[in-house]
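Peer 1: Sequence:
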Amino acid sequence: MFIGKRRYVIGVLSPVVGGYYFGRVLAGIARTVRPDGHRVVAVQTYPADLEREQFPDRPPGTASVSLGQVDGVIVITSAVNEATLLRIEEDGTPVVLISGRTTSIDAPVVTPDNEGGTRAAVEHLIAHGHRQIGFLGSLRQADIVQRHEAYLATLLAHGITPRPEWLYRTADNQEASAATVAQAVVGGPGLPTTATFAATDRNAIGFSRALQAQGLSLPGDQAIVGFDHSEAGARVRPRLASVDPHHDQVGELAVSLLLARIRGERVAGQHLSRSTLVTRESCGCLDARTGALLEGPPAQEGSTAWRRLGEVARATFDGAEARLGPGADLDSWLRGVQRVFRSAAALGQPPTQATLTSLAESTRALRPHPEAIEQLIPALRSVEEEFRQQVRRGEVPAVPGERTSAVGGSGERTSAVGGSGDPAAKAPRAPSRAARARAVTQTGTDVLVAFSAGCTQTLLARSGRLERTITDQYELDLDLLHADGRAIRALTWLPRGHTGPATLALWTSSEGAPAPGASPASGPVNGARTLEIVGTTAASRKATALVGTHVPVSKFPPPALAGEGVVFVVPVTFDQSDWGMLAIGGGVDIHATSSRDKFDHWAAMVAVALDREDRLTSLQRQQAALAEAAYRERALVLDLRTEVERNALVQDVALEGTWDWDIATGQVFYSRTWRALVGLPDDTACTGIEEWTGRVHPQDVRTVQTAIARQLAGAAEPLDLEHRLLAADGREMWVRCRATTVTDDAGVRARMIGVLMDVTGMPARERRGVAR
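With this note's numbering applied, the sequence shown covers 19 to 790.
Be aware that a few hints might be false.
Across the chosen pairs, the derived CB separations fall in these ranges [claimed, not checked]:
#1 E582 x I395: 36 to 42 Å
#2 A731 x T567: 53 to 59 Å
#3 R292 x E582: 52 to 58 Å
#4 S235 x L157: 39 to 45 Å
#5 A703 x G233: 43 to 49 Å
The set of hints was computed from the structure by calculation and includes no laboratory data.
Beta carbons are placed, not taken as given, at the ideal position from N, Cα and C, and that holds for glycine.
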């Protein structure tokens, strides 16, 4: 397939490598290069344990991973600093920027049509009668600045002078900062606007929820339009009107320009990808007389029902502009729908089951948005009515493979098929108008069912992927909680459902040995640091031979370990620890909102496991040193304190009881070791959190409850506390509980997973205290 074509390695530097925005951009890049066999190395430049509420606008100082082996680089937003951009250009590597601004290098910049999308949103609010329209957003990102400038220009073009208090400035693009702004405004001078345009959907969602919590009604007290068309906006009530910037098409355009630069073509300037306004209830698009939602992109003046269906499909199918293969593009889909309606209107023939099955499959292939069927229904019914009107007027649409003759005496057109070539041969008389009208109605219903089937298949597939992801995360967490150093490096903890190659590489010290948790800031820069490849799942002879070797960070991952398609490179970091890099091969899910959490979670959990192993190894070395010193001194009796500390160490290593709390259902899984630790038989039924909290010593109950509540409220640090606990036999024991919480794709705390250790033997004066 790729004979005679040069296959390139496309580098992508991105703050994170998943989530709704970055994931969709990467999906567009991957989808564009796949047919020609190019590889994509997507490098995450921000830490793996980055909090949802924390997204620093200042990029990291150095980002040299993979830069020595790529043919071109796409830099997304604030992935790297100016010095890194200059170094890439000095190396002669072609660069394309996505939504970034720089004066350091002369590189093409690709952005969504921020100006056009913003203008459409603001003019839509003006059409609803609003004159006091606010802007919500953080002006620290190039895209947001463009949207703010377009907002100001649109207001002025309509004779509206913007006022300073209409600017609701947020700290970042997240929900929490927008909620803080809403609370301050409502609790202070009150809202000076009747409508607000938000620069991101997450800002809009946080702003909306905070206003509703203050008792305001949407869109009655404040109409809101966002920017991103994220699926989270479809889940809030009222649903969020939003500008769809088609992030995947931004990625497609960027990689097309980069390939042109790699081939030596001159490409410069700014390049725009189209944006579409999708209206929903939050902007006020509700017809009070009929209760009908005015959904989808506004219809073009004078457009036919058929054109309207195409507009809606183009806005609601994520694959509408993608190259999906023969017969799997939007034009083929539209022609198929038109063909079945023409057959019904001309010949009175509803579509066959095979035709409907094919239509359902092509609908699924176009990757419909979760709300696609809701928006397609009225457009399809309009097409049905248009064909029915043609039948009533005696018109017979042309059908591929058929030719129509003159209108018969009854006003019905007849058709002749030139099968025999005999002009005198007459085809059967065309069905009556009533029969053809009934066929059109039946076809409309059948096509709608086919649309629904295709959309449902997509939703079911997403549900299945989500279920698998939850299962994978659960298994991975438990495996890493108990993994030793060998298992961590051998990657035996990877989910069984993951099929792509994965490689773990750890930083090395100047002597060549792995540097435990070293910070990149302490080592050489500009790609001079090295990584030791400590484990891989790639099975080729070249790949396995690389285990144990050292490679410069600029050459990681080597081609033998990267596989085909897309490989994600994520820092193995947690808190102050930075262990190295995790390279994971796999595809990009354009719909998943949890991609960032998935790979970040894997890398962060590996860092936690390595931290734990490092601490245990350090303690074991200290233990060995104490034993050697005691031997040299020929001590006859170990000091009681040393013995107690040793016992505590052994208990910390061996007597860990795991538990897993499903917060939504209240069900808790307690391991066999946990039950034994508190004195319960293996067959004892215990599934509630009360099995733990009900045994807490009365004097420690409030502290434990407070610590759990902090976790459920979103505490940044994992739970880590010591308290007294009453075992099943009545004895009082000291235990240490450590736990981490897992959030779902909506940011809600869904699970809490932890371990319980018996630390009764530790001297009381050395206890760290009950709560951390």
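Peer 1: State for each hint whether it applies.
Peer 2: Going down the list of hints, with the structure as the test:
1. E582 x I395: 36 to 42 Å: The hint (36 to 42 Å, Cβ to Cβ) holds, given that E582 and I395 are roughly 40 Å apart.
2. A731 x T567: 53 to 59 Å: Violated, since A731 and T567 (Cβ atoms, about 46 Å apart) do not stay within the stated range.
3. R292 x E582: 52 to 58 Å: Cβ of R292 to Cβ of E582: about 31 Å, so the range 52 to 58 Å is violated.
4. S235 x L157: 39 to 45 Å: At 29 Å between Cβs, range violated.
5. A703 x G233: 43 to 49 Å: 45 Å, holds
The structure does not agree with the numbered hints 2, 3 and 4 stated previously, though it agrees with the rest.
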